[in-house]
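Novice: Following the hints, complete the assembly by docking chain Z onto the known chain B.
Protein chains in written order, with the numbering used here: chain B, 1 to 234; chain Z, 1 to 212.
The hints are simulated quantities; they were obtained by calculation from the structure and are not laboratory data.
We put the beta carbon where it would ideally sit given N, CA and C, even for glycine.
Worth double-checking, as some hints may not be accurate.
[Unchecked claim] Label pairs and their computed distance ranges (CB to CB): (1) Leu158/Z x Lys78/B: 42 to 50 Å; (2) Trp116/B x Val37/Z: 26 to 34 Å; (3) Gly79/Z x Ser46/B: 56 to 64 Å; (4) Pro165/B x Phe62/Z: 32 to 40 Å; (5) Glu45/Z x Gly65/B: 44 to 52 Å; (6) Trp116/B x Leu111/Z: 36 to 44 Å; (7) Val58/Z x Thr234/B: 46 to 54 Å.
[What the hints assert, rightly or not] Calculated Cβ distances over 12 Å to all of chain Z for the following chain B residues: (8) Ala31; (9) Asp40; (10) Ile49; (11) His91; (12) Gly113; (13) His114; (14) Ile143; (15) Ser153; (16) Gly160; (17) Leu196; (18) Leu215; (19) Glu216; (20) Arg221; (21) Ser224.
[What the hints assert, rightly or not] A short list of chain Z residues far from chain B (calculated; beta carbon distances all over 12 Å): (22) Ala11; (23) Lys13; (24) Leu15; (25) Val37; (26) Phe41; (27) Leu43; (28) Ala69; (29) Pro74; (30) Ala87; (31) Phe103; (32) Leu114; (33) Leu119; (34) Val129; (35) Tyr187.
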Amino acid sequence: MSTSSPSSSTSKSAVPALAALAAALVGIAIAFAFYVAPEDADQGISQRIFYFHVPIALTAYACFGWGAVKGLLLLWRKDERYDLESYVAIHQGTIFGSLTLLTGSIWAKASGGHWWLWSENQLVLFLVLFLFYSAYFMLRFSIEEGPRRANISAVYALFGVVLIPVSFLAIRLAENIIHPTVFTRDGPQMSGVMFLTFCIAWLAMSVLAYALYRLELLGKRLDSNLRELRELLT
Amino acid sequence: MSYLADVATLARKDLRLELRARDTLPAMLLFVVSTLVVFHFALPEGADEVAAQGLLWVALVFTALLGLARAWAPERESGALEGLVLAPCDRSAIWLGKAAAVFAFLSAVELVALPAFALFFGSVDAATVAGVVLASIGICAVGTLLAAMAAASRTRELVLPLLFLPLAIPLVVGGVGASVSPEPGRYLAFLALYDAIFSILCWASFEYVVSE
Numbered sequence: 001m002s003t004s005s006p007s008s009s010t011s012k013s014a015v016p017a018l019a020a021l022a023a024a025l026v027g028i029a030i031a032f033a034f035y036v037a038p039e040d041a042d043q044g045i046s047q048r049i050f051y052f053h054v055p056i057a058l059t060a061y062a063c064f065g066w067g068a069v070k071g072l073l074l075l076w077r078k079d080e081r082y083d084l085e086s087y088v089a090i091h092q093g094t095i096f097g098s099l100t101l102l103t104g105s106i107w108a109k110a111s112g113g114h115w116w117l118w119s120e121n122q123l124v125l126f127l128v129l130f131l132f133y134s135a136y137f138m139l140r141f142s143i144e145e146g147p148r149r150a151n152i153s154a155v156y157a158l159f160g161v162v163l164i165p166v167s168f169l170a171i172r173l174a175e176n177i178i179h180p181t182v183f184t185r186d187g188p189q190m191s192g193v194m195f196l197t198f199c200i201a202w203l204a205m206s207v208l209a210y211a212l213y214r215l216e217l218l219g220k221r222l223d224s225n226l227r228e229l230r231e232l233l234t
Numbered sequence: 001m002s003y004l005a006d007v008a009t010l011a012r013k014d015l016r017l018e019l020r021a022r023d024t025l026p027a028m029l030l031f032v033v034s035t036l037v038v039f040h041f042a043l044p045e046g047a048d049e050v051a052a053q054g055l056l057w058v059a060l061v062f063t064a065l066l067g068l069a070r071a072w073a074p075e076r077e078s079g080a081l082e083g084l085v086l087a088p089c090d091r092s093a094i095w096l097g098k099a100a101a102v103f104a105f106l107s108a109v110e111l112v113a114l115p116a117f118a119l120f121f122g123s124v125d126a127a128t129v130a131g132v133v134l135a136s137i138g139i140c141a142v143g144t145l146l147a148a149m150a151a152a153s154r155t156r157e158l159v160l161p162l163l164f165l166p167l168a169i170p171l172v173v174g175g176v177g178a179s180v181s182p183e184p185g186r187y188l189a190f191l192a193l194y195d196a197i198f199s200i201l202c203w204a205s206f207e208y209v210v211s212e
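With the rest of the complex left out, here is chain Z:
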């Protein structure tokens, strides 16, 4: 139980920081709406609704990237990561807390993005919403770990999309499949499988990313 308490404390710390500084969330919200507007002009007249469904996923992945690039910024800027690593808690709790906080931000963005998408491009069905939720778990799990790797490098924000996009391709496949396929079940199952596999991998390997 103390493990979960550690995770909750760490996640709450990030949420509180965001509430006070308001750095990331407004930027993500503005970005996702701007992207959807850009997509309206990028889709030529007569492009079908299926193409727009695909673009929704592009918008979500890139918005998530925007948030992930800032995920470890508070720790890095104040040199707090060393302190966290030395804290008497399991190191994977640091990853889980951060991933939970990023998931909260991404969910807040999606609460705006999906209605906006429905308003601009047509309907959003239940399978799409389920796909978005499952894909967000995977994005946050993998993205948080990769962002921690990128934070250790000199090129930080530059290298994160390069690390993240190849790993996000299966998520996009599953998400788009859930949106456009008449049988979304197996795409949702694939997303759940992805979440399970990569969450376990990230959970087990985070310790090595932050320690020497």
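Chain B on its own, in the form it takes in the complex:
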């Protein structure tokens, strides 16, 4: 299986451009979040982490979803390349998921005074997902490489996207037994500039995740090609 097909050589040249675009967008997002968006009346400066926390969380969901889609394609079409793509997407999702936990924790400290709040549903959900997807790596790396591993990883990735809404519902339900005082937050009352900043940050994080995804994929493919070559030589 030769991977130096024209499609992969064009994708190689696309990665630096994508990385540059991601860097530029992240820069614009940071500038907007700190200098353009107005200060929140209630929370002050700490509210600005919202422009990173929420887009990172949404990006993590997108990565997990992408990984599951690739897993489904693998089971459907039996094409080996989807295995690596699914794995890389979930890897990126786990990285962004960890960042969500980190930024959420900082936000909780700034607004609630504690590094961890069980009342923050989003944060709890990400903790569950973090544990779930960490086990994905444990499982994947303890199975011998091959079609069996690809299938099992894909099925597990599918379980993940089903677990997300189920866990979300469970955490909402748990709130009633663990925290009887349900505290309702009004919907985000964002001004136009705040919403624009949020959208830019979201776009920036999505492009960043995609650039990292392509980069890691490129590296992993290079790695496996090199290994194949080495095996041919010996």
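Specialist: Chain Z only, in chain B's frame:
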């Protein structure tokens, strides 16, 4: 109908193996009773009954894990899984048969654990029993599939709890809710929803876990 006959045959095979070897069930029974005794000492004086209700669910989940870790051991040790996969039956029947056998073991354990819990910590109400039954279905459905995944890996028993516990969290939420909430209805409905969703997913995906 032949599908159900296959499932029944496979489940009966597991039950018969267990009756002859008596590997798993006595261990699970002893484990759940020991766990309840440990919990008595883990709960400080003055801890309320609600805390004990939560611990019942910890005991059940961990006991189920003990059984699930052994679920595919007979097939693995004698290399019989390849034979089963090649057998002229739908592969999901292998999962359903195994899940039914695990459910039988877990139910037997719960028949001992719930009276023991009532004896040690206080009463068990109807909502708790309904929650236990519904959660057991989910535990067996998901656990059997994950155990098959774990059986394919090098680290087997080590990786199974890591795979299983994040997926069991919704079951624990539903079960504890059914035990302690004054309105257990929606927690039971949630457990039923979980069972339905994950049973369909496991049923559809088991084939890929055991085949190349």
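Novice: Just pull the numbers of the violated hints for me, sorted ascending.
Specialist: 1, 4, 14, 15, 16 and 35
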